[in-house]
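Protein chains in written order, with this note's numbering: chain H, 70 to 321; chain S, 70 to 321; chain P, 70 to 321; chain Y, 70 to 321; chain L, 70 to 321; chain D, 70 to 321.
Be aware that one or more of the hints could be misleading.
It does not matter which identical chain is used: a pair holds within one copy or between any two.
[As the list claims (entries may be wrong)] Derived DSS-like pairs: lysine-lysine, alpha-carbon spacing no greater than 30 Å straight-line: (1) Lys137 with Lys297; (2) Lys288 with Lys97; (3) Lys97 with Lys297; (4) Lys137 with Lys288.
Derived from the structure by calculation, the hints contain no laboratory data.
Protein chains: 6
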Amino acid sequence: MTRILWVNPGEPPANLNEEFRQLLTREKEASTEVDVVSTGRGPRDLEYRYYEALVIPDTLHRLRQAEKEGYEGAVIGCFYDPGVEEARELTNLIVIGPGEASMRLASVLGHTFSVIVGREKWIPQMRENVARHGMEGRLASFRAVDLPVCEMRTDEPETARRIERAARAAVEEDGAEVIILGCTMEYGFYQDLQQRLHVPVVDPVLAAFKTAEWLVGLKNRYGWSHSKVRAYEPPPEGQIRAWDLARQYGID
Amino acid sequence: MTRILWVNPGEPPANLNEEFRQLLTREKEASTEVDVVSTGRGPRDLEYRYYEALVIPDTLHRLRQAEKEGYEGAVIGCFYDPGVEEARELTNLIVIGPGEASMRLASVLGHTFSVIVGREKWIPQMRENVARHGMEGRLASFRAVDLPVCEMRTDEPETARRIERAARAAVEEDGAEVIILGCTMEYGFYQDLQQRLHVPVVDPVLAAFKTAEWLVGLKNRYGWSHSKVRAYEPPPEGQIRAWDLARQYGID
Amino acid sequence: MTRILWVNPGEPPANLNEEFRQLLTREKEASTEVDVVSTGRGPRDLEYRYYEALVIPDTLHRLRQAEKEGYEGAVIGCFYDPGVEEARELTNLIVIGPGEASMRLASVLGHTFSVIVGREKWIPQMRENVARHGMEGRLASFRAVDLPVCEMRTDEPETARRIERAARAAVEEDGAEVIILGCTMEYGFYQDLQQRLHVPVVDPVLAAFKTAEWLVGLKNRYGWSHSKVRAYEPPPEGQIRAWDLARQYGID
Amino acid sequence: MTRILWVNPGEPPANLNEEFRQLLTREKEASTEVDVVSTGRGPRDLEYRYYEALVIPDTLHRLRQAEKEGYEGAVIGCFYDPGVEEARELTNLIVIGPGEASMRLASVLGHTFSVIVGREKWIPQMRENVARHGMEGRLASFRAVDLPVCEMRTDEPETARRIERAARAAVEEDGAEVIILGCTMEYGFYQDLQQRLHVPVVDPVLAAFKTAEWLVGLKNRYGWSHSKVRAYEPPPEGQIRAWDLARQYGID
Amino acid sequence: MTRILWVNPGEPPANLNEEFRQLLTREKEASTEVDVVSTGRGPRDLEYRYYEALVIPDTLHRLRQAEKEGYEGAVIGCFYDPGVEEARELTNLIVIGPGEASMRLASVLGHTFSVIVGREKWIPQMRENVARHGMEGRLASFRAVDLPVCEMRTDEPETARRIERAARAAVEEDGAEVIILGCTMEYGFYQDLQQRLHVPVVDPVLAAFKTAEWLVGLKNRYGWSHSKVRAYEPPPEGQIRAWDLARQYGID
Amino acid sequence: MTRILWVNPGEPPANLNEEFRQLLTREKEASTEVDVVSTGRGPRDLEYRYYEALVIPDTLHRLRQAEKEGYEGAVIGCFYDPGVEEARELTNLIVIGPGEASMRLASVLGHTFSVIVGREKWIPQMRENVARHGMEGRLASFRAVDLPVCEMRTDEPETARRIERAARAAVEEDGAEVIILGCTMEYGFYQDLQQRLHVPVVDPVLAAFKTAEWLVGLKNRYGWSHSKVRAYEPPPEGQIRAWDLARQYGID
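Pulled out of the complex, with its shape left as it was, chain H reads as follows (with noise of 0.2 Å):
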């Protein structure tokens, strides 16, 4: 039995989560649970880093009880991978963003990918994301739709236009190989775009998903989890305790 959280970090839009819980449990293994929820506070997408600053404490809280719940992997729901390292070192679950996971994956389709963004204000924020990876050599281009987030799925059409647009430059114009849709409210728009562009086109959702149930399968059957030794030296339950961090935070 693998058990996967996913957390969408925030407050979503509603019924966000429940379509996610029935895409996620369309796709999961046989053997998988999967559950999704938010944190329940927050604003409704991240397309700021002050949004991001406010909910990975929450988020983290969440993983940290995740992990007295029984599962072993979570995904943190957004594309900047908010929180990722900071879960890695408080939690002893497998943890994945579906950045991180969509460029691990684009790297091994192809030899560059670009990925479609929703707007310019993602890109520097992101582009650090693709150096940490070591993926600069591999990215081809970002492109974007001009689309906030919380548009995104306003006029389902129009974005599949836009995000076609985009891929199809990308591709012809800038040597793309893959392309990696760059916002997870841009799941499920890959299937026909992919028919039409010919080249992979990488859905981050399922990408993180599917990272994430496999990452727990290995670790549950070879011990390989996030090394505890040096980045994610968790820090001590003592001195949580003793600086009584849970009751400042509100934390049950």
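Mind docking chains S, P, Y, L and D on chain H? Use the hints.
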């Protein structure tokens, strides 16, 4: 008049704020006004990513308030520079951290620098910061003195001896031309060390404060502030209000 | 059903194929079918570039045949990953090698890894592979145990001792957070080592096989396969026939 | 008291020194004393490497004299930063050039910058400087306005128009968050441009001068000067005398 | 006497060997002896990685024989440089390919170069070669003329026109200071192009041949040959015999 | 006929020019004519950046004169390669220095090289040159023998012993496959060292001279000279005359 706020994120040891206030008051320009605050709850130091995540929202809200109170610049007092990018996005303050300030300064003073850290745990995250600032080519080494933040000032002569031993090895074996003290809790050790080693030793507290003071001066005179295009484009105030974020996160 | 072919290129020691078949059969998912073959002629191991060059054509032809036989994925069983790029171009199989698979996995498990190789000779070519995959920033070190491939299993306790000594030095002196065993002939040593060192130790045989199995699953479900645009654009079948390559190279 | 010497290397157009003296006197701190000189012979501008080579020795000798006269810092007034490294080695002055100062400042103000140069000719050498300072990752683009140095001030409104056109393209097409004016002869254009483009526009003359002033302040207060170990280790005075270099090069 | 063997791997178009023999005989030093051979079976050109893989073993065996016949240097005649690393390992010959030779030469001739290739397909593999040789910083661009290898000489005036158009765009739009013709089938076009574009145009055939000739001269005079330590350490002859590789691969 | 001028910048020790003339005359091709000069004033060696700055103008003027005298190529005889870029810009000569020539050659001979320098002081500037030429990935190490330039030939057996000790450590501990002697005053030591270490040892004097000779041959035959577009675009002769530079700098 230049108004700078130094924020010690979390709940640092008693007297630290006052000690820093006295230190910075001695070091400021006549026309500068400096205050030192902490965010009032949280961990005593930021040795772990989890602790950083906890204190960043409070830090951002404190800086937002500082902006309203008329401050023009801020230092976030931790060598990891937690929240610096977020604060540049959220506010119109000049914002800097000791890590970035020290590395920028050191790279003018010599071709290479070494950073003297407390524990090996700190190195991976700091190495990412070195890379983010394009300083890999300048980094001679990290050297750890095997002291957590909270023991840095327990036995100051012993700490001084360990720092000197590590710094001397960095100069003689690793090719360092400049030494950076890689923790705000190493403040004050630079002076003696500099005389003994005959290379510049950068104090991160002074480096950050004097950088903030200088940048605010440039902003006031020439209008050079953090660009609000792309990376630091701020979240719309209307959205923050519409999502009722202030109430949700207990901000006045 | 997922059908994977593991190819041990060249003519490996007797029983190796059978040993690997049993190993992979134990490790596979229920729905996976795995076979292990070698290419039937050539060197016993691939310690030299010349040996790699010799076995690549036979490997490619074996994979071309495998595709016709209905296999969906393949592992080329050597840590140098010989022929992987070529096979992705020539066939529609999912293809992976132990080197790439191990490095990709290790870089999710920690910030840095060290690779335990047999001889110094291997390092330059493997370093090129590290660079090709954008992993220079993740590489803590290579450490050699002074054993050629063909002596890796001669005295297994001695090999284990040497690997442990090298791996421990990598963790303690080089800053490695994860250890990669850098030769398929080091299979099986990971388990004991992992318990003694308290860091993840990646077995390259398992890493490659489980990666192939997972990628084939993604391909079958989402159509994500190696992009056939640019890098992996295949040679035209008509040209292969017109030039009579099959007859010239003795392929049926 | 902070004493800074601005050196315009070579024999710049009449009045330039006086114009810069007035400009810098307006911009200096009260406690700063600034003088502007040129080296008294040589080319009128440094558009070519040959011209730089010609003026560097005179510049170094002028700075050596400046050190004896009690100056504490110097700016070498050309965006190529000719002689800066040499002067840091030869003297104990704080030395900076407009190129380095502008890039350092711009990279605090935003994630990316573009440099507006006069001619394409300048780009390769400046790109080397960008790389030397670890700023490749920050460089959005170079854009040339097709004006040699000596025509920059011939028709100022036309120059302003060209710079604006190039800078606007850099922001809108190349992703620049900050603009650097890449020639000291572009001084003064920043103010108007900044208001029109809504991004910071760095004036290289002001950036260099204010950096020098600040660094001298730090040196006087904390002893932070260019490290004299390795890169900036100075030639032995005894050797300079023994080889009779002063007489040979006509220095008093 | 310097004896060089030019190998056209595979089975190139009739007369090509003879044409190259005449060309190189015209271009050689008086004391050089040059022969041109192909490997006698295989594809007509090496547009795909599969084709390269097919011809490398025959090429290596031909070079091994060449070494016995007294040749001192060899060129492997394809811009991808297939088998060059392997041949340096296996034999004591000086070995070079047109890609490496052209890039090394171009980077002395100017700061940047562009490579004019036949098809987009070639770019990812060539980009890897650029990176392997540390030339990313020198690469202005790749430009493709939309011709496969086998059509390069079909309509020579048309090919010349396409190359000129691509090369001119590289110089005028991409900042190239030097042009490299990125396919041996582009031999001879350099002369006219150079006169029209006023930048150096490197012919890969001449670049490779003259490099080989020069390196053999250095080896004969100073003993400078490919280091046999680490990267090019050769396989033990005893092992090659013990494994009966010659018989298995049909070598005499 | 190939005419090369070797310039020893400054005023080197008596007999050095004559010694080099004899050496190069022994090593030249029959059709080459070589002369050795120094610039007639200045420091005896170029251990410091200041000394380099002093000799570059005289060197450039000597090369300008050489061009008029019919020379076709020049070597600037110092491993720092002072003035090489400037000379390529100012003149139409082929120009090379020992540093660039040695590194280019070494990187064909093996994957990695170490440079044996006199003093630690030299390393930062040489490391910048390594980076400028894209060779960071090839650099195994710098090793210093603690001898200034002027003592390199004082006790030649002792110098040889020190070089051997450093070079052996580079091969055995740092992974060097090739050794570069990083100072022209180390000329001649390569031969004995090469036999003792069994790796190629590059003599910088021979490397530079033979590179110049070869490049001039290519220029004469194929017109391949330094591109005069962008980086090496020369200053206009009219401007040089109008500004009366020759008179100002005492050139005939």
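- Message: When the structure is checked against the list of hints, which entries are broken? Sort them ascending.
- Response: Of the numbered hints, all hold.
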